[in-house]
Amino acid sequence: MKNVILYTFVCATLLSPVARGESLFGILKGAETLPKDALEVIQHVTKRYDKGQGTYEAVDTKTELEYGITDRATGAVYLLGQSIRTEGLKINGYLPKDEAYGLRASGVEASIKYNFLSPAKDDFGLSSYFATSYSWLDPHSGQDKKKLTFELELLMQKYFLDGELTWAGNVGMESTMAKRGALADLPADFEWSTDPEMEIGFRAGTGLSYRFAPNWFAGGEIVYETEFETEVGQERRSVQAGPTLHYGSKDWWLSVSYLPQISGGGEMYDNQADGNLHLIEKTKQEIRVKVGFEF
Amino acid sequence: MSNHNWLMIPALIIPAALPAPACAVQYLTLEQAQQALFPWAAQFVRADVLITQEMKQRIEKSSGVRVRNTMQQVWRAGGGGKELGWFVLDEVIGKHEFITYAVALLPDGTVKGIDILDYRETHGSQIKNEKWRAQFVGKREGDAFRLDEDIKNISGATLSCNNITNGVKRIVATYREVMK
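Read top to bottom, the protein sequences are chains A and B.
Going by my numbering, the first sequence opens with residue 1, and the numbers climb by one from there.
Going by my numbering, the second sequence opens with residue 296, and the numbers climb by one from there.
These are calculated hints, taken from the structure and not from any lab test.
What you are looking at is a predicted structure, and each value in this text was computed from that prediction instead of being measured.
Each hint should be verified, as a subset may be incorrect.
[What the hints assert, rightly or not] Chain A is nowhere near these chain B residues, computed Cβ spacing over 10 angstroms in every case:
no., residue
1, Leu325
2, Gln348
3, Met350
4, Arg361
5, Met366
6, Ile388
7, Pro402
8, Lys407
9, Ala452
[Said to hold, decoys possible] Just some of the chain B residues that point at chain A, by a computed CB distance under 7 angstroms:
no., residue
10, Thr417
11, Leu442
12, Ser450
13, Thr453
Glycine is no exception: its CB is placed at the ideal position from the N, C-alpha and C atoms.
Assemble the whole structure, with the sequences as input and the hints as a guide.
Written out as structure tokens, the structure is:
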């Protein structure tokens with residue numbers, strides 16, 4: 001808990017006044033870029049919880065510094081963090097033991113977004129997004145895992161009703177190279193591979209957000225994700241959908257999203273009660289909070 | 296971390312933003328805008344226009360821009376026994392809030408000038424600059440009113456620029472359909 005407060009205090013102090021930006025959705029990204037030389041800081045906090053058995057709670061944090069390199073290109077760097085509490089659920093090959101720790105730095109990331117078409121000027125917005133990250137903690141089990149990820153997405157956006165209604169659509173893929181750290185004291189029959197693994201994932205999502213009052217937006221999104229892995233083929237697939245409430249002003253903005261998993265499949269753990277969800281790497285519930293400040 | 300401790304993160308960050316300066320930036324009052332756009336006017340006579348459904352359709356058809364409000368706030372500017380033109384107060388949607396601006400029309404419907412009364416968005420304060428506003432001077436019906444064609448865009452405020460440009464286009468069409 002101390003770590004969380006300290007980390008937050010440092011962020012809050014660094015961020016202080018002057019703000020804004022725009023993230024109308026929890027997972028989906030818009031196609032707009034920052035103007036040249038604009039600087040934005042965004043704090044992302046995601047809480048994932050409930051695997052249907054035992055106790056599972058994880059919090060992912062992402063502190064993002066975004067900069068307008070040109071009017072069309074926005075670069076960003078991120079510091080990733082996570083905390084986890086898992087108890088009473090062991091999943092062979094994935095979740096080896098109970099684990100609990102507070103917020104720890106877990107990785108770094110960098111991204112670049114390039115805008116081809118502006119949603120306000122060209123009627124239809126289109127951008128490409130490329131990100132790469134290196135992390136050393138597994139977000140699912142909380143154990144040591146070195147992971148290098150490359151992500152590429154196409155971001156689409158369209159305004160309706162003079163900008164009161166915003167549509168966004170994203171399609172993308174992610175490739176990952178990972179290697180777990182060894183664990184001592186595991187049962188003899190517990191599988192915990194420390195061989196390098198490769199994964200490739202795909203994501204597609206769409207959402208709508210409506211400005212129902214000055215500064216206030218309400219919307220919803222639906223996101224499909226799937227991941228393939230060398231050994232098991234399609235390791236998982238899931239659909240998350242839910243609402244986002246967004247407040248945006250001249251100086252800062254805030255988005256709160258509730259994104260439960262509504263359907264899923266692929267690998268399941270033994271005795272999993274929910275047969276239509278993927279609960280090994282995903283959870284039943286997810287809440288995302290983002291707050292952005294502009295300098 | 297216990298159940299809801301993670302909420303401490305946004306809970307501590309959000310208050311850090313609250314002491315930020317108040318958002319509203321009122322550049323001009325109504326009277327100041329009237330004076331700026333018609334410095335020689337001795338009086339402004341209220342002449343609001345109620346836009347009927349039929350008028351709305353005609354304006355939308357000729358301008359290609361949606362009419363959001365059916366009551367248009369208008370003043371006739373006069374001075375020295377002459378009619379100097381029309382002062383039209385309007386609002387368009389910005390990224391987050393409404394942008395309040397005024398359009399001055401000459402008696403023949405040509406744009407004499409525009410000015411910004413309220414602008415509350417993060418980027419695009421250059422909208423207030425005389426050079427950007429001057430692009431509308433002399434515009435009349437039939438002109439393109441398109442960003443990066445006859446009106447320059449301001450990066451980071453494209454939606455606001457686009458909506459103001461469309462708003463002026465709609466007011467020029469309103470003049471022809473209703474006020475002429």
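To see whether the hints hold, each was checked on the structure:
At roughly 20 angstroms, the least C-beta separation between Leu325/B and chain A is larger than 10 angstroms, which holds for a residue marked as non-interface. The Cβ of Gln348/B sits about 19 angstroms from the closest Cβ of chain A, beyond the 10 angstroms cut-off, so the non-interface label holds. Interface exclusion of Met350/B from chain A stands, the closest Cβ pair being 19 angstroms apart, more than 10 angstroms. A cut-off of 10 angstroms between C-beta atoms contradicts the statement that Arg361/B is not in contact with chain A; the least separation is 6 angstroms.
In this structure Met366/B is separated from chain A by more than 10 angstroms, as the shortest Cβ-Cβ distance comes to about 18 angstroms. Chain A draws Ile388/B into its interface by the beta-carbon criterion, the shortest separation being 5 angstroms against a cut-off of 10 angstroms. Look at Pro402/B: its CB is around 29 angstroms from the nearest CB on chain A, clear of 10 angstroms, so calling it non-interface holds up. With a cut of 10 angstroms on Cβ distances, Lys407/B stays outside the contact zone with chain A, its closest approach being about 25 angstroms.
At roughly 8 angstroms, the least C-beta separation between Ala452/B and chain A is not larger than 10 angstroms, which violates its mark as non-interface. A cut of 7 angstroms between beta carbons decides the hint on Thr417/B: the least distance to chain A is about 4 angstroms, and the hint holds. At a threshold of 7 angstroms, the smallest CB-CB gap from Leu442/B to chain A is about 5 angstroms, leaving the interface hint in force. With 7 angstroms as the threshold, the beta carbon of Ser450/B comes within range of chain A, its nearest partner Cβ sitting at about 4 angstroms, so the hint holds.
About 4 angstroms separates the beta-carbon of Thr453/B from the nearest beta-carbon of chain A, less than 7 angstroms, and the hint is met.
The structure is inconsistent with the numbered hints 4, 6, 9, although it conforms to all the rest.
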